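Residue numbers (the working numbering), protein chains in the order written: chain A, 1 to 391; chain B, 1001 to 1596.
The hints are simulated quantities; they were obtained by calculation from the structure and are not laboratory data.
Pairs of lysine-lysine, DSBU-like flavour, derived with a Cα cap of 30 Å:
1) Lys-309(A) - Lys-299(A)
2) Lys-218(A) - Lys-1014(B)
3) Lys-1073(B) - Lys-1138(B)
4) Lys-1014(B) - Lys-219(A)
5) Lys-1390(B) - Lys-1312(B)
6) Lys-1491(B) - Lys-1461(B)
7) Lys-30(A) - Lys-219(A)
8) Lys-309(A) - Lys-1046(B)
9) Lys-317(A) - Lys-1138(B)
10) Lys-24(A) - Lys-14(A)
11) Lys-309(A) - Lys-1138(B)
12) Lys-1128(B) - Lys-1138(B)
13) Lys-1127(B) - Lys-1138(B)
14) Lys-1127(B) - Lys-1110(B)
15) Lys-1138(B) - Lys-1110(B)
16) Lys-299(A) - Lys-1138(B)
17) Lys-1494(B) - Lys-1461(B)
18) Lys-1491(B) - Lys-1390(B)
None of the values given here were measured: they were computed from a predicted structure.
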Amino acid sequence: MTYQPDRSQYPNKKADGSLDIDLKSGKFLKLWQGPQHPGITGNMSVELTVCGDEVVEGITHVGYLHRGFEKLMERRTFIQCFPIVCRICVPEPDFNEYCYAAAVEELAGIEAPEYANWIRTLILEMGRINSYLMYCGGQAGSFGMGVISQWTTYVRDLMLDRFEELTGARIYHMFILPGGVRDRLPEGFAQRMEETLCEIESTMSDVYNTMYCNAVFKKRSVGVGVIDIDLMDAYGVTGPNARAGGVAKDVRKDQPYLVYPELDFEPILGQDSDIYTRADIRRQDLLQSVDLVRQILAKMPEDGSLMAKIPSVMHWKIPRGETYIRGECSRGEYGYYLVTDGSGYPRRVNVRGPSYTHAMALLERMIVNLNIADVAGLMVSLHTYPPEIER
Amino acid sequence: MSIRDLLSPFSAWKNILRDPVTIPDPLNDRPGSDRYRGFHQNDNEKCIGCGTCEAICQNGAIDMLPVDSVATKEGDSGLRPRIDYGRCCWCALCVDVCMTGSLTMSNEYKWVESDPDAFRFTPGVDKKFWDNSELGYKRPEEHRLVSPERIEMREMNVESRIDSFAEIVHGYSIEEAQLEADRCVACGLCIATCPTHMSIPDYINAVREGDYEQGLRLLYETNPFSNVCGRVCTRKCESACASRHEGEPIAIRWLKRHIIDQIPHEKYREIIGDPEPSTGKKVAIIGAGPAGLTAAFDLVRKGHEVIVYEAKAAAGGMTRYGIPEYRLPYDALDRDIETIVSMGVQIVYNTRIGADIPMQQLTQDFDAVLLAIGLQEGRQTRIPNSDHEKVYRAVDLLDKITAGEEFHLPHCAVIIGGGNVAMDIARSIARLQKQQYGQVDVVLTAMEEQQHFMADPDEIKEALEEGIIIQDQCGPQGCEIDQSGKLIGLKTWKVLSIFDSEKRFAPVYDNGDETIHACDTVIEAIGQFSDISLLGDELTEKLEWNRGRIQIDSDGRTSESWLWSAGDCVNGPDVVHAVADGHRVAASIHCYITAD
Ligand SMILES: Cc1cc2nc3c(=O)[nH]c(=O)nc-3n(C[C@H](O)[C@H](O)[C@H](O)COP(=O)(O)OP(=O)(O)OC[C@H]3O[C@@H](n4cnc5c(N)ncnc54)[C@H](O)[C@@H]3O)c2cc1C
Ligand code: SF4
Ligand code: SF4
Ligand code: SF4
Chain A
1 MTYQPDRSQY PNKKADGSLD IDLKSGKFLK LWQGPQHPGI TGNMSVELTV
51 CGDEVVEGIT HVGYLHRGFE KLMERRTFIQ CFPIVCRICV PEPDFNEYCY
101 AAAVEELAGI EAPEYANWIR TLILEMGRIN SYLMYCGGQA GSFGMGVISQ
151 WTTYVRDLML DRFEELTGAR IYHMFILPGG VRDRLPEGFA QRMEETLCEI
201 ESTMSDVYNT MYCNAVFKKR SVGVGVIDID LMDAYGVTGP NARAGGVAKD
251 VRKDQPYLVY PELDFEPILG QDSDIYTRAD IRRQDLLQSV DLVRQILAKM
301 PEDGSLMAKI PSVMHWKIPR GETYIRGECS RGEYGYYLVT DGSGYPRRVN
351 VRGPSYTHAM ALLERMIVNL NIADVAGLMV SLHTYPPEIE R
Chain B
1001 MSIRDLLSPF SAWKNILRDP VTIPDPLNDR PGSDRYRGFH QNDNEKCIGC
1051 GTCEAICQNG AIDMLPVDSV ATKEGDSGLR PRIDYGRCCW CALCVDVCMT
1101 GSLTMSNEYK WVESDPDAFR FTPGVDKKFW DNSELGYKRP EEHRLVSPER
1151 IEMREMNVES RIDSFAEIVH GYSIEEAQLE ADRCVACGLC IATCPTHMSI
1201 PDYINAVREG DYEQGLRLLY ETNPFSNVCG RVCTRKCESA CASRHEGEPI
1251 AIRWLKRHII DQIPHEKYRE IIGDPEPSTG KKVAIIGAGP AGLTAAFDLV
1301 RKGHEVIVYE AKAAAGGMTR YGIPEYRLPY DALDRDIETI VSMGVQIVYN
1351 TRIGADIPMQ QLTQDFDAVL LAIGLQEGRQ TRIPNSDHEK VYRAVDLLDK
1401 ITAGEEFHLP HCAVIIGGGN VAMDIARSIA RLQKQQYGQV DVVLTAMEEQ
1451 QHFMADPDEI KEALEEGIII QDQCGPQGCE IDQSGKLIGL KTWKVLSIFD
1501 SEKRFAPVYD NGDETIHACD TVIEAIGQFS DISLLGDELT EKLEWNRGRI
1551 QIDSDGRTSE SWLWSAGDCV NGPDVVHAVA DGHRVAASIH CYITAD
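Isolated chain A, as found in the complex (with noise of 0.2 Å):
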């Protein structure tokens, strides 16, 4: 987005460039907007510079999520460590438990069976599934459309009973573990997911009607809070976010992982790069991850092994080692860091969420210029999620 000094006239550069903003002069108005505010994506909050009702500075504030993660993964074994990955990030835990196993079992020179990475394929669509319905909601939602998360809440509820069924639990699944996963699909499984999926598509058909085609949100959508093309690489724009401006980027295609060199699609583009677009990508995307469980469902194998064969995990040690594990979750690249050093404990981990990039750094830059009242639909545009910030 590029900065149109002819919106205000304030505030003044100065000679060093730095802008001038002077709280006293009257003609400033600090604004907290979070952490406790319906248009925030989560705990974290954006300190805002305004005059008048345009926001001439934004600055970030994250901690109110940090949990340590981890640091504590540090002083875990590495059977302990799987239970608290998907912690990490909330709305879509799976990938925490796909990264950090894949990681651990690359170290450790183990290969998860073929039947196991079918279903961690599953899994991890389903995820993003629920990750954009749970988006959908929230950019309706902060431009004033209420109706439309309650929708996509009540299928997303129904997506967590297929959850629920498969790995046992609905938010905090903990069945991608180094090795393989769980368990097998549930009897009639894919009888009741094809439901699922039906339902979710009727819903988004609601959802294209009322929200898409609807000229109060095309209004506050589109052409606001483009993301340049120049600023992609720069902040390190990836998933949906780049994608809406042309930049085909997509781990599954750029580096295949899991099952996805069997699976048909092809990442979807857009090209304005505004909020309406990356809301439309991710409609898009959605529909495409019901397809690919589809696709799953009829591809994969009728049974197989869940486990490979795993060192007796009491005492497991990995041999010293470091790796870098990717793959694109609904908001762009996910990925894990892990370094062993020969002990029966990780040496490191850094876990590298999209939303770090996209809700601070990207976020304080698009800030500036923005009416106030669309801050809330810009963040929710980014599709970030505070606690894999802070992890």
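Keeping the supplied structure of chain A fixed, place chain B with the ligands upon it in accordance with the hints.
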């Protein structure tokens, strides 16, 4: 923007006629899914209190606590997991790792209580409405976090071992030992069952860490016969091992042997350390078997002077003169004995107390005396013609084999007995026959059914592989002798039952089902007894007795204040019990002689 964009949002109105989707809770019951990870349940009959669930719980949600309804017993700590739902995250790692499969989860997830402390509870002990729920998370069969299978031990194959007394078992490589050590969950249940309470999980940890010196130090804390026990221990510990419930027990014995094998013998002394300064007290020990030598080892380390009198030309007792070389090579036994001797224990060989030195002499010359004479004499069946010269006692023949004495090797031998001693003599004779005659001809007869033999199942399997014929349920009735007085066979009747309703020995035979096992030699392997003639009439009269054995107290002390007894002659039945006994009496003797 089009006209559609203005109108289409109104399609939301179509929902006005739809039923609400919200589930009114708690009016509607919504059960958790079949594999839902809900509230815990524990089958307390199955649970052994190993605490592996506690160890794996990364939330510290589990505490192992004693409970009223469960008693501590062999292989069961008597503790049970108490779970704190203020901490639990329902990850079910505890269920996955549970060594017995006793811990599972129900699919219940609603539990309302006004007392917050109620959410700290002991599943299976504190009764809950979800107990015995069929649904809920149970560990899938192949989902194992601790390997159930033992690392296989490499051994000599049948062809190469049948004419050889070389050791059958090769021992673990370092990699194999570490993999096996990794299976141990360090619960410590085995320690209580080991008669001498070896610190098993600690020395297994030493294997895992590759710290063999620490391993050896730990072994010597409780067992100076680790070379022997690492090879032939009856391994009571393994029958208490947590890992046996859902797989094979940890190969505790082989890991002990592995430690021993890794350290050069010259370094033992340095690792074990020196004895304490001399106290000037003197102790006499009769018998250089495991019991006597263990006591001697402990006492010299305490600074006492110890003299061991041994009737035979070498030390070790039955571990040398009974156990065959293919199970326990002499050099392994020698390493244990040399270490004990290097601490300052003096052994006087070829000296039989009672014959060469009278018992009274010892009472005069020493502050305390320990009787550790084992069971040297073989029991006899006393069936007709069993006094024939070609009817031997197994221990006598094993003794001759060790001592290298000449004896007439049977062409065709029949053994009476189904225990380990019977297997030892059968397999020794078979090896000698193969060496000298080129073929094996040994028949082993026993009263029990084969699956109830006292012998170790591995011994039976290997004996059969080596060509020994086992005939079970055969009660010996007499030895058959031809007119020239030559032994030609053993007559047996089929055994219908061995014990009566009160479990007393009262065999019932079918005398119509008679077998003559043709042979030129019969070997009796039905037990041993002690030769106590060394005590002399006066002492025998003075001592208190208990069913033919000298009466001892819990410290191994006899009714005479200066005399202790240990090992097979009072307790038995194996090396590790003899070692445990040795420690016990040594501690008691030490207290006694240092009392003033
Ligand atoms: C054939 C056989 C196989 C066995 N296999 C195993 C096995 O695999 N595992 C296992 O754990 N156990 C086994 N045992 C049992 C084990 O050997 C004994 O339990 C153990 O040796 C007992 O030790 P001890 O010191 O009490 O007696 P012993 O080992 O019998 O030692 C007693 C010593 O006292 C000496 N002695 C006796 N009288 C006198 C005297 N008057 N003066 C001086 N010295 C005297 C004897 O010569 C002997 O050296 C086996 C026993 C036999 C017979
Ligand atoms: S792991 Fe299983 S057997 Fe061991 S204490 Fe826990 S519940 Fe009991
Ligand atoms: S379910 Fe997980 S957190 Fe709960 S007690 Fe078991 S191991 Fe601990
Ligand atoms: S050897 Fe078996 S019983 Fe002993 S500590 Fe290890 S697992 Fe527990």
